[in-house]
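Single-letter residue listing:
Protein chains: 2
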Amino acid sequence: VFNRLCIIGVGLIGGSIARAARIKGLCQQIVAYGQQQNLANLQLAQELGVIDQFYTDISEAIKECDVVIIATPVGTMQTIFEQLKPYWNQQTIYSDAGSTKGSVVTALEAVFGAVPTNFVLAHPIAGAERSGVAAANPQLFENRRLIITPLADTEANALNAVSNFWQQLGSSVSQMSVEHHDTVLAATSHLPHILAFALVGLLGRKDEQWEIFKYAAGGFKDFSRIASSDPTMWQDICLANKQEIIPLIQQYQDELSKIQQLLASDQGAALFETFTYARNARQRFLDQQED
Amino acid sequence: VFNRLCIIGVGLIGGSIARAARIKGLCQQIVAYGQQQNLANLQLAQELGVIDQFYTDISEAIKECDVVIIATPVGTMQTIFEQLKPYWNQQTIYSDAGSTKGSVVTALEAVFGAVPTNFVLAHPIAGAERSGVAAANPQLFENRRLIITPLADTEANALNAVSNFWQQLGSSVSQMSVEHHDTVLAATSHLPHILAFALVGLLGRKDEQWEIFKYAAGGFKDFSRIASSDPTMWQDICLANKQEIIPLIQQYQDELSKIQQLLASDQGAALFETFTYARNARQRFLDQQED
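Chain order of the listed sequences is F and X.
In my numbering, each residue carries its 1-based index in the first sequence increased by 1.
In my numbering, each residue carries its 1-based index in the second sequence increased by 1.
Just chain F, same shape as in the assembly:
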């Protein structure tokens, strides 16, 4: 149990961490830091009881905290690290919830020269198409995976504390390298989000003539749900992990071109094989989920 947890960025993820930590009794006190321009959101977080108190002065917010968790869009993290640097406390555990990890390492290195040994890079694989503290949900991390990407010199006690914290929130904690994380997540999360944004954008422009959305069925609804995700967060993620994402988009384009060619040349049997391969791959995926 921590005495005092500071959340930097009380949106969907930061707010859900706070709510879950409170319900599980993991912290005596939960505070938040945010900028003056986010005052309304901070006040809402306090009114909703998500946090006990908020500060627009970062040095006040983190004072006497055991743990500081940064849950802002990954593009803002370097600025946050610069603000934290003058007050850095080697006894405090710092962690984040960023969807890309290489970019967080780069930002920490830019500010501190090297990643501080008491900073634990973490990523809860959970989210929702809603954003903001009003959508915070204490069950958000239950039965979800959380990936920690430790570095060679990450302090063991900090690593264990963060790992235990997330296990208490209901997550299944895994460890992998920063690079592997960014490769896997580009495929499993970043690319699908881009595909959904691209599809709904394309159809949105056609909709006035075509009434497409009126006749959209279940498959499309599922497919398009993630196109409602927070644009700021996704702008940041896509730019932060573009080295992984750009080649994946290319490979996906190649895949689509192949299907396009099979259609153009009426190659039914090859289409059938392509679709069957995908169907079987998804079945492997489902079987794995049940393990």
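Simulated from the structure, these hints should not be mistaken for laboratory data.
Keep in mind the model is a prediction, meaning the values are calculated, not measured.
It cannot be assumed that every hint is accurate.
Repeated chains share a single entry, so a pair holds when one copy, or any two copies, can fit it.
[Said to hold, decoys possible] Straight line, CA to CA, 20 Å or less: simulated SDA-like cross-link-like pairs of lysine to any residue:
1. LYS259 <-> PRO248
2. LYS64 <-> GLN261
3. LYS215 <-> VAL179
4. LYS222 <-> SER173
5. LYS222 <-> ALA129
6. LYS222 <-> ARG131
Got chain F; can you put chain X on it based on the hints?
Just chain X now, kept in the frame of chain F:
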């Protein structure tokens, strides 16, 4: 109420029509036609009580039927029409459940010279990633849309009977032209299915090195669900509507290339706009659903 309904193709859709029609009391007797090679499926349909009787002789199956509904993959319809032709009865109402309509018109014209006036082209916008009669569900069509694409000389009594039938099954019935149907469905159903097959296929090939599926979260699961759809059915749909689908794939590729370029040149503001446009389009879609 019909005396005798014949379903040709008792899979997910045909079986669900039969189950729903029985529960709603719309038919005295429900029979099915299928090929000898599908005997096991026909027997299962009878054992499950989905149909009263089945025939592997089409002339026996349709004898004294008020209504014949063809629910086979669209690629098989021309063969079915050839089998039906010698026994064509102007007093019977014929309809289908094909996901493409232009191809059904073409097949009817090839066999009959012109689309018979007692054939009502219909498409229930409902489905599931499961297939086969065991997955048949009498609620499948409830609160779903059904599109009828009448031709200039479609008989009014046949049109009304089919429309009423589907309304009784719980569907909201609309009418549009064959061409408009195929344009809209290419965008709202056919393209999304191809995107899902392409994504799951691509990731399936990478999965062994990457453990991608292990770390896939909700967005991916939603997105990939339709990749479990029946490959035979989708091979047929894609080929039948390729004139609409191929240019849409091209437009989608252009959309992805734009995003790829924005990433490569770090154009955060333009990415934000792209994602925001999609998010707003989806919100319009959701608002429309609630109307």
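Original post:
Going back to the hint list, which numbers does this structure go against?
Top reply: 2
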